[in-house]
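Visitor: Here's the letter readout for the chains.
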Amino acid sequence: MNAPAYNFAYLDEQTKRMIRRAILKAIAIPGYQVPFASREMPMPYGWGTGGVQVTAAILGPEDVLKVIDQGSDDTTNAISIRKFFAKTAGVATTTATNEATVIQTRHRIPETALHENQVLVYQVPIPEPLRFLEPRETETRRMHALAEYGLMHVKLYEDIARFGHIATAYAYPVKVNARYVMDPSPTPKFDNPKMDNCPALQLFGAGREKRIYAIPPYTQVVSLDFEDHPFEPYRFNAPCALCGAENSYLDEIVTDDKGGRMFVCSDTDYCEGRQATGHHGSLSAAPYKEKAHG
Amino acid sequence: MYVAVKGGERAIENAHRLLAHKRRGDQGVPEVTLAQISEQLGLAVDRVMSEGSLYDRELAALAIKQARGDLIEAIFLVRAFRATMPRFGSSEPVDTGTMRVRRRVSATFKDIPGGQILGPTFDYTHRLLDPLLAEGLAPEAPATADAHTAPTPRVTDILGRDGLIECSPPADDGASVGDLTREPLNFPADRDLRLQNLARGDEGFLLAMGYSTQRGYGRNHPFVGEIRFGEVEVELFAEDAGFAVPLGSIELTECQMVNQFKGSATEAPCFTRGYGLAFGQSERKTMSMALVDRALRARELGEEVRAPAQDEEFVMSHSDNVQATGFVEHLKLPHYVDFQSELGLLRKLRQEFADASTPDAMKEAAE
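For the record, the sequence lines run as chains A and B. The opening position of the first sequence corresponds to residue 1 in the numbering used here, with each subsequent residue numbered one higher. The opening position of the second sequence corresponds to residue 295 in the numbering used here, with each subsequent residue numbered one higher.
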C-alpha cells in the first residue's frame, strides 16, 4: 500500500506556488475574486478548506498561528484546524491575538486591533456577493467586470421598502478600494468597520468555490448603504457578563428554559485578557472552563 | 451560569475514540478484511474508485472500511489522498475497442460482430431475497466456453462507417486534456472538462439528472448503442525510452448512447453521441453520464437550453458529492455570531411591527 508522506503545512510546493500566485493577483486587484485550483483537503468543503489552503501557502516555520471560529479559540472546528497545522507544519500556535502572525478566522474579526505584521485569513463559504441575486457565475463575473452593481442597491432598497431597514445582518456587502463589491464572509456586520484601513493584510479563501480575494493593508472598505439609511453596526445593548466590555460583539447564551439569557464576548481571547487585567462583569466568577490550548 | 457551550480538545478526541469503537462493532464478530471488501463488495469499491478518481482497489477498500460503509465518506477519503499525489504525466488514450470484454450489450442491433455478452449482471435476476446466501453457501462454478477471439468493434464505429452517427472529433495530439482538479473551472466548459466532472460526479445526482431527460426535461431520444465492461491496457509514453510502456490493466465500463439526429441545409442528418465512462463495473453511472453528457451538448448542437440537465453551470456546480456533502453538513458548525446578528435584526423588526400595530389611541390611554 502507498504510505502517505506529507510536505510542510500539508500542501506540496507546486500547489503552494499556484496559491501564492493567486494571492499576489488578489492583492494587486483588491476585492477581485481570483479563481484558483483549489485542492481537496483532508477536511470537508464548507469547513474552512479555502482558509486552510491560504494559510498553508503563506505559513513559514517562524509563524505563530491563531485559529478562531465564532471569535473563539476553543470551538471544535478552530481546535481541529489549529491541530492540523500544529501537526503538519509544527508551527507555534497561540490564542493571543497580538502574538499571532497569521490568524485564520471563521465568522469574526478579533476585537483587538490588528497590526502591520499580521495576516488575517478568512474562511469563505460563498465568495460571490451577487450570488443570491444572480445564480450564474458567467453573469456575476460580467457584472463585476462592468462594475454593474445596481442590482445590489435595488436589493438593499427593497429591504428598506419592506422592513424599514437594510435586512442584512451578516455577510454585509462592502465596496473595496472604490471598485469591487465584495462579500466579507459571514461575519456579523458589527465587524465591517474593522476591515477599513486595516494595517494587517486580509486574505479570503473559498475552497469549494475555488476563489481567493484580498484586502491589502490600509485599503478603503465601505459598507454599502444610502445617505438617508446609513450603515449601522449591530451589537446587543449590554455589557459582557464576564468582563464588562461595552464595545465587544456578544454571544447570546440561553441559560434556562424560562427566558434566561446571558451575553458574553464572542472573542474569548479579548474577554479573558480583560478579565486577567481586572475587568469584571455581572457573572465574572466563571466556573471551570476547559482551556483551549496548552 | 456560563454553561459549557464550546467544545474542547478532549471532547473531539473522545468522539473519535467512540467512532473507532462503533466502527469495529461487536468484537465477538470477526473483523472485515480489505480483501473481503474488495472481493465481496466489489461494486462499492468500483464506485469509490470512480468518484474518488483513483484506481486503487486496496485503498478504496480501506476507505470503505474506515468510513463504516458510508460511500461518500469513503470517496472523500480517497480524494483527499489523491490530491497530494504528484503527477508524473498523462497516459496514452486507452482504446476501449481492444477491451478484453467481460460483458457487452447493444440495444440498437440484435446481433453485432463479437456478439452480445451478458456477463455478470443483475439484469433478469428476480429480486427475491435469498436466504441461502445468508447461510454462506459456495456458489456454483461459472459456465465456461472457449476463449473469445473475435474482435468486438464498437457499435458506434459500425454506425460511423456509414456516416449515420456524427464523427468523434479527431484526437489532437498536441492539445493537453483539461484537469479540473489542477486548474480552476471556468464556464463555459469544454467537453473534456464536462466529462471529467461527470465521471467524478455523484451517481445518484447523475441518475436523477439523466432520468429527468427521459421524462421530458431536455429529452434527447437515447438508444444504448453499446455498454461494454472489461479490461484495458494503460500505457504511458516514456520520454527517455521513446515509446509507450504499459503500466498495467484496469477495468472500465463504457456506455455509448446514440441520440436524436441533427442535420441542416449543409449537413446530412446523423445521430449524435452521449458518452459515459467509469472505473470498474458501473453501468448505472455510465448510462446516466451518457444521458447527461448528451444533454449538456445542447449549446454545441444548437439546441435551446431549457432543462436543468442541459445547464452546465447547474449540473457541473452541483454534481460533486464531496463538495455537496461538505457544504450541506457545514450547517452543523456553530453559527452563533451570525445568528445573534440575525436575532438582533428580527427583534428590532418585530418591535417596530408591534409599535406600529398598536393604535395611537390605545397608546395614549395606556399612558
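Hints in this document: simulated from the structure, not taken from any laboratory. All residues carry an ideal CB built from backbone N, CA and C; glycine is no exception. Mixed in with the good hints, there may be bad ones.
[To be verified] Chain A regions said to be covered by chain B (calculated; three or more residues, Cβ under 8 Å):
no., stretch
1, 142-153
2, 250-258
[What the hints assert, rightly or not] Computed from the model, here is a short list of chain A residues facing chain B with C-beta under 10 Å:
no., residue
3, R17
4, F36
5, K87
6, P125
7, H165
8, K210
Visitor: How about the stretch 142-153 of chain A: do at least three of its residues have a C-beta closer than 8 Å to a C-beta of chain B?
Guide: violated (count 0)
Visitor: Next item in the hint list is R17/A. Is there a CB on chain B closer than 10 Å to its CB?
Guide: violated (13 Å)
Visitor: Could you check if K210/A really has its C-beta closer than 10 Å to a C-beta on chain B?
Guide: K210/A check passes; min Cβ-Cβ to chain B is 5 Å, inside 10 Å.
Visitor: Double-check F36/A for me: the hint is only fine if its C-beta lies closer than 10 Å to a C-beta in chain B.
Guide: holds (6 Å)
Visitor: Tell me if the interface restraint on P125/A is satisfied: Cβ within less than 10 Å of some Cβ in chain B.
Guide: Cβ of P125/A sits 7 Å from chain B, so the hint holds.
Visitor: Do at least three Cβ atoms from the stretch 250-258 of chain A come closer than 8 Å to Cβ atoms of chain B?
Guide: holds (count 5)
Visitor: Holds or violated: is there a CB of chain B closer than 10 Å to the CB of H165/A?
Guide: This interface hint holds because 7 Å falls under the 10 Å limit.
Visitor: Interface hint check: K87/A, Cβ to nearest Cβ on chain B, cutoff 10 Å. Holds or violated?
Guide: Violated, because the Cβ-Cβ distance from K87/A to chain B comes to roughly 13 Å (cut-off 10 Å).
Checked against the numbered hints given earlier, the structure breaks hints 1, 3 and 5 and satisfies all the rest.
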